[in-house]
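Protein chains: 2
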Amino acid sequence: MFESLTAEIIAIGSELLAPDRTDTNSLWLTEQLNRLGIEVKLKTIVGDDDARLEEAIKDATRRSKVVITTGGLGPTEDDITRKVTARALGRRLLLDEQVLAEIRQRFQSFGVSMPERNSRQAMVIEDAEVLPNPNGTAPGMFIDHQGTAIVLLPGPPRELKPMFENYVAHRLTSRAGNQKVVRRMLRVAGMGESAVDEKIAPVYSRYENPQTTILFNQSEIEIHLTARGRTEKDAETLLDRLSEEIEERLGNSIFAFAGETMEQVVGLKLSVGGYTLAVAESCTGGLVAQRLTEVPGSSKYFIEGVVAYSNEAKMRTLGVEPILLLHHGAVSAPVAEAMAEGIRKRAGTDFGLSITGIAGPGGATEDKPVGLVFVALAMEGNIEHRKLIIPGDRHLIRWRASQAALDLLRRRLI
Amino acid sequence: MFESLTAEIIAIGSELLAPDRTDTNSLWLTEQLNRLGIEVKLKTIVGDDDARLEEAIKDATRRSKVVITTGGLGPTEDDITRKVTARALGRRLLLDEQVLAEIRQRFQSFGVSMPERNSRQAMVIEDAEVLPNPNGTAPGMFIDHQGTAIVLLPGPPRELKPMFENYVAHRLTSRAGNQKVVRRMLRVAGMGESAVDEKIAPVYSRYENPQTTILFNQSEIEIHLTARGRTEKDAETLLDRLSEEIEERLGNSIFAFAGETMEQVVGLKLSVGGYTLAVAESCTGGLVAQRLTEVPGSSKYFIEGVVAYSNEAKMRTLGVEPILLLHHGAVSAPVAEAMAEGIRKRAGTDFGLSITGIAGPGGATEDKPVGLVFVALAMEGNIEHRKLIIPGDRHLIRWRASQAALDLLRRRLI
Numbered sequence: 313m314f315e316s317l318t319a320e321i322i323a324i325g326s327e328l329l330a331p332d333r334t335d336t337n338s339l340w341l342t343e344q345l346n347r348l349g350i351e352v353k354l355k356t357i358v359g360d361d362d363a364r365l366e367e368a369i370k371d372a373t374r375r376s377k378v379v380i381t382t383g384g385l386g387p388t389e390d391d392i393t394r395k396v397t398a399r400a401l402g403r404r405l406l407l408d409e410q411v412l413a414e415i416r417q418r419f420q421s422f423g424v425s426m427p428e429r430n431s432r433q434a435m436v437i438e439d440a441e442v443l444p445n446p447n448g449t450a451p452g453m454f455i456d457h458q459g460t461a462i463v464l465l466p467g468p469p470r471e472l473k474p475m476f477e478n479y480v481a482h483r484l485t486s487r488a489g490n491q492k493v494v495r496r497m498l499r500v501a502g503m504g505e506s507a508v509d510e511k512i513a514p515v516y517s518r519y520e521n522p523q524t525t526i527l528f529n530q531s532e533i534e535i536h537l538t539a540r541g542r543t544e545k546d547a548e549t550l551l552d553r554l555s556e557e558i559e560e561r562l563g564n565s566i567f568a569f570a571g572e573t574m575e576q577v578v579g580l581k582l583s584v585g586g587y588t589l590a591v592a593e594s595c596t597g598g599l600v601a602q603r604l605t606e607v608p609g610s611s612k613y614f615i616e617g618v619v620a621y622s623n624e625a626k627m628r629t630l631g632v633e634p635i636l637l638l639h640h641g642a643v644s645a646p647v648a649e650a651m652a653e654g655i656r657k658r659a660g661t662d663f664g665l666s667i668t669g670i671a672g673p674g675g676a677t678e679d680k681p682v683g684l685v686f687v688a689l690a691m692e693g694n695i696e697h698r699k700l701i702i703p704g705d706r707h708l709i710r711w712r713a714s715q716a717a718l719d720l721l722r723r724r725l726i
Numbered sequence: 313m314f315e316s317l318t319a320e321i322i323a324i325g326s327e328l329l330a331p332d333r334t335d336t337n338s339l340w341l342t343e344q345l346n347r348l349g350i351e352v353k354l355k356t357i358v359g360d361d362d363a364r365l366e367e368a369i370k371d372a373t374r375r376s377k378v379v380i381t382t383g384g385l386g387p388t389e390d391d392i393t394r395k396v397t398a399r400a401l402g403r404r405l406l407l408d409e410q411v412l413a414e415i416r417q418r419f420q421s422f423g424v425s426m427p428e429r430n431s432r433q434a435m436v437i438e439d440a441e442v443l444p445n446p447n448g449t450a451p452g453m454f455i456d457h458q459g460t461a462i463v464l465l466p467g468p469p470r471e472l473k474p475m476f477e478n479y480v481a482h483r484l485t486s487r488a489g490n491q492k493v494v495r496r497m498l499r500v501a502g503m504g505e506s507a508v509d510e511k512i513a514p515v516y517s518r519y520e521n522p523q524t525t526i527l528f529n530q531s532e533i534e535i536h537l538t539a540r541g542r543t544e545k546d547a548e549t550l551l552d553r554l555s556e557e558i559e560e561r562l563g564n565s566i567f568a569f570a571g572e573t574m575e576q577v578v579g580l581k582l583s584v585g586g587y588t589l590a591v592a593e594s595c596t597g598g599l600v601a602q603r604l605t606e607v608p609g610s611s612k613y614f615i616e617g618v619v620a621y622s623n624e625a626k627m628r629t630l631g632v633e634p635i636l637l638l639h640h641g642a643v644s645a646p647v648a649e650a651m652a653e654g655i656r657k658r659a660g661t662d663f664g665l666s667i668t669g670i671a672g673p674g675g676a677t678e679d680k681p682v683g684l685v686f687v688a689l690a691m692e693g694n695i696e697h698r699k700l701i702i703p704g705d706r707h708l709i710r711w712r713a714s715q716a717a718l719d720l721l722r723r724r725l726i
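Read top to bottom, the protein sequences are chains A and B. Heads up, the first sequence stops at 726 in our numbering, and the numbers go up one at a time, no gaps. Heads up, the second sequence stops at 726 in our numbering, and the numbers go up one at a time, no gaps.
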């Protein structure tokens with residue numbers, strides 16, 4: 313077993329606790345740390361609150377071998393990271409004359425004199441190494457505290473990123489030993505979360521490394537695998553073995569082995585096969601076309617889409633016979649098939665894909681509930697359809713219907 | 313000064329510690345809690361790690377009056393929230409027969425029998441109130457522990473949100489004091505971030521309450537206003553005054569005063585005016601149609617959309633003259649106008665809206681760079697167009713182009 317180096321990230325600043333702010337620094341740092349073989353075990357976001365921050369730093373230092381704080385190094389009263397970290401570690405805060413001179417110098421280079429309050433940024437924690445900040449006035453700090461590395465980084469990404477890359481990464485590498493962390497994401501369509509888990513739990517639960525997490529996301533199951541190894545290749549080998557075993561259990565229901573989206577997978581298969589596609593949508597309102605064309609280069613295989621929202625559009629542009637609409641209604645298997653064949657003929661493509669359904673909240677009838685969706689696929693000499701009852705709200709029903717339609721095409725292309 | 317109730321949010325799940333995952337639940341919860349006058353003081357993200365989670369729950373319970381956990385209530389081995397919370401609070405975990413029956417019932421309603429592992433979701437912490445989950449199998453819990461409210465919510469947003477709104481909000485309201493926090497979001501189209509700030513900084517900087525934050529989001533500027541008051545009405549009055557002053561400065565560029573989306577605003581105007589619309593898209597590939605039809609009831613005004621990705625489709629389905637494509641190219645003002653008029657005629661609508669452009673990364677020529685987009689609007693007796701050079705990657709260019717097209721229609725409908 314590997315003992316992996318564990319890290320915690322503490323993001324500091326009251327503004328990060330507003331409902332519209334995401335802490336993007338910690339995502340970036342996680343990626344960098346993972347690359348160095350360091351696993352992030354916990355993240356905390358704390359406001360400009362002395363007591364809570366002190367506790368957070370103390371707890372993190374006790375639990376983890378790497379603690380990185382971001383933010384709170386500015387020149388104002390509510391930039392408390394320096395003084396609170398010093399207190400949490402039981403160290404003094406000292407004025408560093410050289411840092412002070414550098415900050416003064418920086419202001420002078422812009423032709424202004426240093427505001428008095430910026431001298432606060434020259435206060436350095438006892439025995440900390442100072443990390444230069446070419447993009448700002450706040451220097452960072454690296455502290456070795458009873459075997460734990462504590463790193464204080466500024467909040468602005470353009471100051472934080474180069475500081476981490478130039479002055480922190482190599483210091484951590486030497487502590488990480490030579491263990492690497494590699495992640496992989498498999499995506500599954502057409503199965504429920506518990507059904508997936510029931511099938512693959514006997515497989516993944518045999519392994520502590522890789523670790524497996526199953527996630528339900530819109531209409532997909534995501535299987536996240538994380539492996540640790542002495543080299544990236546070692547970790548990849550572990551991932552290969554587990555993902556092969558998972559594939560044996562789930563087969564074709566896995567549509568992506570490296571986190572690709574359904575539209576990327578379908579697009580690649582169309583492209584490789586030299587096929588062309590046209591799409592006719594009712595309830596999804598253009599979502600399938602939009603997803604397919606989000607992929608760069610999709611103009612090679614995606615020829616035309618029609619959003620036939622009204623019955624008139626279905627007749628006029630897709631050539632659906634009025635009698636079908638009359639007898640079966642717009643949400644029916646015969647109309648779905650006629651739409652698929654209609655768009656295929658209009659666009660002269662290899663495949664015609666269609667969707668008609670009731671996305672809600674209105675539009676349901678006694679025998680046609682919200683969530684009833686038909687998807688159909690037409691090709692030379694063959695038309696097939698699927699009937700679905702999709703749970704969820706309007707947004708989810710539309711998304712899941714688009715996924716089911718693309719999945720129908722994907723399975724045909726295998 | 314008001315003494316406000318303080319809350320902590322603990323997001324649980326190893327997948328949330330991956331570099332590509334944001335914890336959007338906690339943003340939404342922060343907004344809801346703020347509305348109730350409850351301030352969020354700390355957020356923690358912790359993996360499926362018994363020891364760290366137990367410590368996080370213990371610490372939070374000691375420090376804060378409201379503790380909300382999200383996630384980890386699923387049916388699998390790594391869903392540890394139930395058992396670890398019970399342990400942290402020193403309470404037992406008991407099988408709730410009624411909850412078990414409801415979960416069984418839910419599976420039966422989908423025509424399948426409950427997988428054995430789901431019985432784990434019927435384990436309830438001693439003396440907890442069970443919070444129903446109409447959108448999933450995992451019930452939530454509300455625990456009153458030595459004066460602190462501990463709330464366990466499921467991770468999927470579509471389960472978490474209604475559960476909070478229906479079963480948690482009112483329980484917390486009765487604990488919150490009499491200070492209310494009210495937020496409002498104005499949305500601006502067609503102006504840059506610094507231009508907006510330059511115009512309105514002299515206005516909003518005069519106020520400490522409401523607080524103003526300007527955010528740049530895809531192609532919109534969002535102006536977030538947060539006011540505090542003894543009653544919601546007091547806070548609303550403060551917001552009214554400031555947003556009126558902001559409107560004086562920005563005029564028609566503000567398209568939403570209550571956080572509505574562009575497609576909602578346009579849809580409402582079409583609906584109220586009794587107008588109909590059809591859309592012809594090239595580079596946006598169905599995005600405009602998809603956005604418009606995401607609004608419930610859009611079938612009233614949205615008649616038809618065509619994604620004319622190939623030149624053939626532009627001629628065949630939109631009636632664009634070959635000579636226009638030959639002389640000006642597909643990405644040109646004359647073709648944009650012909651597409652708008654073509655779809656209007658085909659669908660017989662009041663308005664025809666079109667987009668053609670180069671979303672990249674490929675497709676640019678010497679005189680037509682990536683980001684060049686034409687949008688056009690046709691109506692009885694009038695066609696107009698706009699030429700845009702849009703910065704960003706493929707995804708952003710497409711989104712901003714769709715926004716510009718909808719904004720062209722919105723301004724016409726004023």
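Think of the hints as simulated: they come from the structure by calculation, not from any bench. Be careful, since some hints might not be right.
The list treats identical chains as interchangeable, and a pair is accepted whether it falls inside one copy or across any two copies.
Stated by the list, open to error - The calculated DSS-like cross-link candidates involving lysine-lysine, where the alpha carbons are at most 27 Å apart (straight line), are:
id, residue 1, residue 2
1, LYS377, LYS680
2, LYS657, LYS699
3, LYS657, LYS377
4, LYS612, LYS680
5, LYS511, LYS657
6, LYS473, LYS657
7, LYS699, LYS612
8, LYS545, LYS612
9, LYS657, LYS545
10, LYS545, LYS680
Please flag the earlier hints that this structure goes against, numbers listed from lowest up.
Checked against the structure, the hints that fail are numbers 1, 3, 5, 6, 8, 9, 10, while the rest are satisfied.
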